[in-house]
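Trainee: Chains as they are written, first to last, in the UniProt record's numbering: chain X, 1 to 459; chain H, 1 to 530.
These aren't lab readings, by the way, just hints derived from the structure by calculation.
Beta carbons are placed, not taken as given, at the ideal position from N, Cα and C, and that holds for glycine.
Mixed in with the good hints, there may be bad ones.
Listed next, the stretches of chain H that the computed footprint assigns to chain X, with coverage defined by at least 3 CB atoms under 8 Å from CB atoms of chain X [unchecked claim]: (1) 198-210; (2) 247-256; (3) 282-288.
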Amino acid sequence: MEQAPPDLERQWQPAPLEPLGHADAGLQAAVGEEAEGSRDEVPGDGTEHALGLGVLMTENNFGLKKIEISVSEAEKRTGRNAMNMQETYTAYLIETRSVEHTDGQSVLTDSLWRRYSEFELLRNYLLVYYPHIVVPPLPEKRAEFVWHKLSADNMDPDFVERRRIGLENFLLRVASHPILCRDKIFYLFLTQEGNWKETVNETGFQLKADSRLKALNATFRVKNPDKRFTELKHYSDELQSVISHLLRVRARVADRLYGVYKVHGNYGRVFSEWSAIEKEMGDGLQSAGHHMDVYASSIDDILEDEEHYADQLKEYLFYAEALRAVCRKHELMQYDLEMAAQDLASKKQQCEELATGTVRTFSLKGMTTKLFGQETPEQREARIKVLEEQINEGEQQLKSKNLEGREFVKNAWADIERFKEQKNHDLKEALISYAVMQISMCKKGIQVWTNAKECFSKM
Amino acid sequence: MSGGPPKGLPSTGPHSLLDMPHPLAGSSSEEAVGGDSTPSPDLLMARSFGDKDLILPNGGTPAGTSSPASSSSLLNRLQLDDDIDGETRDLFVTVDDPKKHVCTMETYITYRITTKSTRVEFDLPEYSVRRRYQDFDWLRNKLEESQPTHLIPPLPEKFVVKGVVDRFSEEFVETRRKALDKFLKRITDHPVLSFNEHFNVFLTAKDLNAYKRQGMALLSRVGESVKHVTGGYKLRSRPLEFAAIGDYLDTFALKLGTIDRIAQRIIKEEIEYLVELREYGPVYSTWSALEGELAEPLEGVSACIGNCSTALEELTDDMTEDFLPVLREYILYSDSMKVPADVEKCQDRMECFNADLKADMERWQSNKRQDFRQLLMGMADKNIQYYEKVMSVPARPSPLSEEARLIARESLGQGPARNPAAATPAGPCPTVRDAAPGLGAEAPVGVPTGHSRAHAAHRSGSSLLPGPLGLAASCAPESGGLQSRERAGPRGPWGLSLKASSLRLLGLPYVGSESSFYSNLRVTKEGSME
Chain X
1 MEQAPPDLER QWQPAPLEPL GHADAGLQAA VGEEAEGSRD EVPGDGTEHA
51 LGLGVLMTEN NFGLKKIEIS VSEAEKRTGR NAMNMQETYT AYLIETRSVE
101 HTDGQSVLTD SLWRRYSEFE LLRNYLLVYY PHIVVPPLPE KRAEFVWHKL
151 SADNMDPDFV ERRRIGLENF LLRVASHPIL CRDKIFYLFL TQEGNWKETV
201 NETGFQLKAD SRLKALNATF RVKNPDKRFT ELKHYSDELQ SVISHLLRVR
251 ARVADRLYGV YKVHGNYGRV FSEWSAIEKE MGDGLQSAGH HMDVYASSID
301 DILEDEEHYA DQLKEYLFYA EALRAVCRKH ELMQYDLEMA AQDLASKKQQ
351 CEELATGTVR TFSLKGMTTK LFGQETPEQR EARIKVLEEQ INEGEQQLKS
401 KNLEGREFVK NAWADIERFK EQKNHDLKEA LISYAVMQIS MCKKGIQVWT
451 NAKECFSKM
Chain H
1 MSGGPPKGLP STGPHSLLDM PHPLAGSSSE EAVGGDSTPS PDLLMARSFG
51 DKDLILPNGG TPAGTSSPAS SSSLLNRLQL DDDIDGETRD LFVTVDDPKK
101 HVCTMETYIT YRITTKSTRV EFDLPEYSVR RRYQDFDWLR NKLEESQPTH
151 LIPPLPEKFV VKGVVDRFSE EFVETRRKAL DKFLKRITDH PVLSFNEHFN
201 VFLTAKDLNA YKRQGMALLS RVGESVKHVT GGYKLRSRPL EFAAIGDYLD
251 TFALKLGTID RIAQRIIKEE IEYLVELREY GPVYSTWSAL EGELAEPLEG
301 VSACIGNCST ALEELTDDMT EDFLPVLREY ILYSDSMKVP ADVEKCQDRM
351 ECFNADLKAD MERWQSNKRQ DFRQLLMGMA DKNIQYYEKV MSVPARPSPL
401 SEEARLIARE SLGQGPARNP AAATPAGPCP TVRDAAPGLG AEAPVGVPTG
451 HSRAHAAHRS GSSLLPGPLG LAASCAPESG GLQSRERAGP RGPWGLSLKA
501 SSLRLLGLPY VGSESSFYSN LRVTKEGSME
């Protein structure tokens, strides 16, 4: 289903420096598999490879070894940062397990610690080398859209916990993406603790990144981008805006709901105090008060579940940014193409003018010639030659840019379609689970008040 | 002790009802107001006295000529009876139909008082008169004067700050009407007060003002001694046994005050919640307009939130209109019984006074119990109805709500109706009350700080993953909801507790198995590890 991505060398190829002890025939073979689809020379169990190839195409998992990735723990650490100052940060334990399908046992294959900044590094790398892919987003760096009972502090255990889950989700998303999962750097991220940062930086990806300024310029000046991308950009802008609004209001709603429930706890106290001065009414009041306490404390769990719903929405809020990134890349490429075409056209024009002697376009050379005298026929010939070479080169470039552009659009659009499916499915699930949460909340409420009513009736 | 047939205003001395002809039995004058000559059903059925020697005293003795001995003995007899319930009542009073009157001097509201009775003290079986607040106030004062040993029910507030409250608004008038109705009904229920002469006149006289003027003259002639006797003998200057009642009433009023404040606070919070909900719902609609496949579920959520808003508004309205006023009235009621007293002057009357008050207190306690039972059950009911409305299936159930309902039924088990006796949860019960420091008895109602979080179950990543497989089976089992939740099952990127079967239903593979990456991984690792 997925074509070979344009930058094949990203996958399975050792970095310029000697990699890391894992590069071996298996990797080469995998590369080979990509290109040719035949895998004869690979050591190891042949069955797996045949199936390995098959798995790209189907979803049938029988007989396959599954890999599980988990971010299982978070730990506070202190260390020295780049400026040699003491700092506190949180490290996350990433564990990789391979699962035997037959008996469901899992074997730990790798485990290492990473901090958030390394995740960011990984993602930035992926963004540069897979510009046609909607790269899964990371959980938020700082807590936003919090309602007041939640802490906005990065060190707060609840925040850390939710971030741990978010990071795991990120890794699983990458691992289940048919193209991204095969990236070498990603593999190393999971398996090689030391030196990974250096390895990534050595790929020189930061240099290859498009400058923001260039991208902005292209967005404004591009004349003929693919309409679908323009629409997609508008959609992602609106999606971002509506989800932000939703999350903000939801946080306020959660705040208010918390208040409503908690105040009922005061009933518990006052009923208890009141029951102390009553004779026959005392018992009923007391037990009713207890139910009010139950009611008041039930909100904590309810809102925690809702927080996960909010996290699900947040993921897609950040995905909107990833969508925009793909659109931006398209605009950049398109603009580049247009500029190249324009440049070529103007060179051709110049050439023609020189050849025929008519001056239609303004050029500095033309002006100076006029001012300072005609050039010799030899000079003219020389210039025409140069231009013709440039034109040739230009035409080649244009052709390849065109091809690149079309490849990009094709691949990007394929991934976007995949993304749309995923989004619709995920969000539908999230909405359903939200509805289920609401129903459950109502049922609990009914339960508590029914119990309280029973107590009142015995007063 | 029997007297002659009744004539006009109440006669002196008690007499047996059985001696008299039934007011309706003879031909004559049932000119019930409104021209209806058939006796109303509720009067007809009030004839089950039988051999119960219900000698109803005439309580309408003019001031100063009360016969204490007979009063208390009669009270004793009454105490042997059960509560006088509807079937044995012979006096019914209702306050309704408020009307505005505009005169040159002033504008005021009158209320219609409808009385139906078979008592001998009433010439006619039915009366309908109009009275204004002033008249009620007058009545209460007369009752206090003439029945100093009894607890007189309170009236609603006399003064309203002009400009802050609109005296003629529907709400205000209705609240007042209800309170006045309550006032008269309490007097009606009282075995002694209901026979008070002034009460009778209040209910029946066409021209009350004339009677008032007459009464004033009479009173001023009776003399000072009356004043001493009647000078506000209330609960305060009592012997020890009543001191306890005084303390009780103090604490009681205090607690009611706190409950009032809590209820107000809850309503306020609920209204603020409502405001946010009203903004929340439409955002889903906005989003829905952007989407294709998701449009329907999003609209579904929007509709649910709208539903919730409506139900919440009804809840807050109900609580404001029905719960708070009744509560406040009770606060007034118990306040009215704590008027500081003059020192008791007439020692010999002490016993009688004590007996009356004690009887009244007990009646009051019993009524209070019933009233509060009703009030609080009503509050619980309203909340239950609120949740039921929120959960209710809309007219056209969307696929989203249907699916959600199915899942909820599965994961939450059957509906409620467990044995309430087992309502106390088995697990640790976080007593927020204990954990909430610093809320004094009279402190303004505050939200307890710091909520306990018993969440040991969130370790090792097996739980609470957001992701595409997020079917929420995370809700606690029905038993009280306080036990730690089960988190079994395989994880997916977004799995809350999942069952493998539901995973298959969704057609999604396990993580990591989609790509050949990881199977190759195993191979290479083996290769490298030799």
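Trainee: Examine the segment 247-256 of chain H for residues whose CB is less than 8 Å from any CB of chain X, and state whether their number is three or more.
Mentor: holds (count 4)
Trainee: Quick check: do three or more residues in the segment 282-288 of chain H have a beta carbon closer than 8 Å to a beta carbon of chain X?
Mentor: holds (count 4)
Trainee: Is the listed coverage of the segment 198-210 of chain H by chain X valid when you require three or more residues with a beta carbon under 8 Å from a beta carbon of that chain?
Mentor: violated (count 0)
Going down the numbered hints, you'll see the structure goes against just number 1.
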